[in-house]
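Asker: Chains L and R are the protein sequences, given in the same order.
Going letter by letter, the first sequence gives residues 1 to 422 in my numbering.
Going letter by letter, the second sequence gives residues 1 to 255 in my numbering.
Note that these hints are calculated values from the structure, not bench results.
Every clue listed holds true.
Some chain L residues near chain R, calculated using beta-carbon distances under 8 Å: (1) Thr24; (2) Gly164; (3) Gly283; (4) Asp297.
Here chain L is said to cover these stretches of chain R; the calculated rule only asks that three of the stretch's residues, wherever they fall, bring their Cβ under 8 Å from a Cβ of chain L: (5) 29-43; (6) 46-56; (7) 116-126; (8) 141-155.
Ideal Cβ placement from N, Cα and C applies to all residues, glycine included.
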Amino acid sequence: MSTTIYNDYFGEFGGRYVAEVLRTPLDELEAAFKEAMADPGFHAEIDDIAATFVGRPTPMLYARNSSRELGGAQIFVKLEGLANTGAHKINNAVGQALLARRMGKTRIIAETGAGQHGVATAAVCAKLGLQCVVYMGEVDIARQRPNVFFMELFGATVAPVSSGQRTLKDAVNEALRDWAASFADTHYVIGSALGPSPYPDMVREFQSVVGRETGQQIEQYVEAEGLSVEALVACVGGGSNAIGFFAPFLNREQPRLIGVEAGGRGPEPGQHAARMKGLGRTGIVQGYKSLFLLDEDGQVQDTHSLSAGLDYPGIGPQLAALGVSGRVEFARATDAQALEALRFFARNEGVVFALESAHGAAEAIRLARELPSDRAVIVNMSGRGDKDLFITARELGGPRWKAFLQSEVDRFADSGAIGGAE
Amino acid sequence: MSRIMAHMVAFYPDRERSLAVAKGLVDGGAAYLEIQFPFSDPTADGPAIQEASQRALDAGFTVAEGFELVREIAALAGSRSGPDGAPPIFLMTYASLVYARGVDRFIADGVAAGATGFILPDLPFDHDEGAAAAARRHGAAVMPVTVTSAPASRLDALLATDPEYVYVALRRGITGSRTDLDDATLGVLDRIRSTGTKVMAGFGVSDRGQVDALDPHVHAVVVGSALVRAVAAVADEPPDAIRAAVAGRLRELTG
Ligand SMILES: Cc1ncc(COP(=O)(O)O)c(C=O)c1O
Chain L
1 MSTTIYNDYF GEFGGRYVAE VLRTPLDELE AAFKEAMADP GFHAEIDDIA
51 ATFVGRPTPM LYARNSSREL GGAQIFVKLE GLANTGAHKI NNAVGQALLA
101 RRMGKTRIIA ETGAGQHGVA TAAVCAKLGL QCVVYMGEVD IARQRPNVFF
151 MELFGATVAP VSSGQRTLKD AVNEALRDWA ASFADTHYVI GSALGPSPYP
201 DMVREFQSVV GRETGQQIEQ YVEAEGLSVE ALVACVGGGS NAIGFFAPFL
251 NREQPRLIGV EAGGRGPEPG QHAARMKGLG RTGIVQGYKS LFLLDEDGQV
301 QDTHSLSAGL DYPGIGPQLA ALGVSGRVEF ARATDAQALE ALRFFARNEG
351 VVFALESAHG AAEAIRLARE LPSDRAVIVN MSGRGDKDLF ITARELGGPR
401 WKAFLQSEVD RFADSGAIGG AE
Chain R
1 MSRIMAHMVA FYPDRERSLA VAKGLVDGGA AYLEIQFPFS DPTADGPAIQ
51 EASQRALDAG FTVAEGFELV REIAALAGSR SGPDGAPPIF LMTYASLVYA
101 RGVDRFIADG VAAGATGFIL PDLPFDHDEG AAAAARRHGA AVMPVTVTSA
151 PASRLDALLA TDPEYVYVAL RRGITGSRTD LDDATLGVLD RIRSTGTKVM
201 AGFGVSDRGQ VDALDPHVHA VVVGSALVRA VAAVADEPPD AIRAAVAGRL
251 RELTG
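With these hints in hand, go ahead and build the complete structure from the sequences.
Answerer: Next comes the structure, spelled out in structure tokens:
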């Protein structure tokens, strides 16, 4: 049942297509990763932090009201967003930071888009006493200020990236450049199941706790109700929550595994971030071979998603290979469908999905409608929506939200507060 | 006079002006030209070349037009009278551009345009998607890249492929004098040279002292960012002014 820990390539995808200067740290990382994964002491360390800091296991919710309203299959929600710092990203940050400490590294760098991975990494570094620098595109800094605030509160330095599109992919480029000069004392914590090997394997292993818990919770809560699981559904940016959620099920034929990409505003180039089902091309970018949104010449195209965490032109190599083999199916949800799903579950269940995860929720709704009531669909709520307040409220909050923001600015000015170290 | 492999970005600052840059490099006595095709995500480049790449893309660079430009530069270089003949052209770019066109087709088109070889930093010699074999088929070479920090076993494996040229990226910018080139670095350069391979070395070379220190240990010294910065300083001037400025900067380095 378990998958191989170190694969390097997944079918034709994956590999380590990096400038020679990065080969040494990647070789060292591969060796350290394999060694640690074979050491029960390392797993015990992870389990301890998972229980006392991350908040594992995260619950599984039976979305009864939603299922009744839809009139089809029963929807369950893996509430991964209840983990500390609000998303699955913390699982990977914990694993990699512990590995880095084991390797004797004292400094951590990371890239972030939405800021969730940056916040998770900064929190873990605060806990473990590691120095932390997070690269973040200027565009993302502007739209995700609350997460910048939290990273700095955790003591991290947020380094603005002004090159390229000034979003996630540019932050990855900048982190790689830093690492090429700093690897003697620095580990690069990549935030999704992509990049040069061993990252896709390593991130999957650290995220697969989500899938393992889900397997147990299926026995406990889903099969106990006499339901059979039709599908697991997860949103896919780079693919870390999806591959972790799916990992224990990859070598079985059932259930169906469905990854949901950002359909954005529509299928035109630049309007979405969907790489599967014909929109992406095989290419080699940022150290790995996979499917990317590229123009005819191989230049990386602009992407769009309302959710910053899905706004990335490449998909992790293992998911790309699983898409080609057919084991994982892919779907798309638009910005509008994700927002609608977010409202639906908030109203019916009292949970707010992160905008990324809401793409998965939209597909779960669509699928449940088509299925009989003795089937279950399990969706991973990879993150909770608190972090998106300023985006969702702009879309859904109407004039009262605008008035609130205005009055908040006035209050800020009146109080004379300029707090903190800007 | 030291041999220099002089680097430029195709279409930087724009098509016409990048042709002027090439002319300036030839005037200034470049022994080799390294012409970089700009890529949207140049992970192995520092700020100067990143910015130049972005501006070149904004100026309308396409791969097909890049080959046209190379063709013009090759013709231009070929018309130069002088004892050394034309400076050979090495085309540098990232894997994405090569893979998108098809490795064999990219190499064939590059050779047809006049390139002598290719530098592809994110295609490692042992996972190069067939680039070196394609280059051999078309009568050209891929110049593999190594770093002075590479373990000996990695360098041995590279040299076992019997490359005609090796590009050595000196990990940190060497800062000016002979003594900054430490023994380990010189040892790597001399070790590669002893196999009969032509060593091109650079990364952060920006003054005459560095060129002189490297010169006895290499076939050619690579100058990249320093020349791109020289172009940046005159980027909005007319082509002739750019040509003169670039030639002047290169002469400062070669002596
Ligand atoms: C809550 C949440 N879900 C999903 C993602 C997308 O990443 P991945 O596909 O790696 O899970 C992000 C990325 O920031 C996120 O914050």
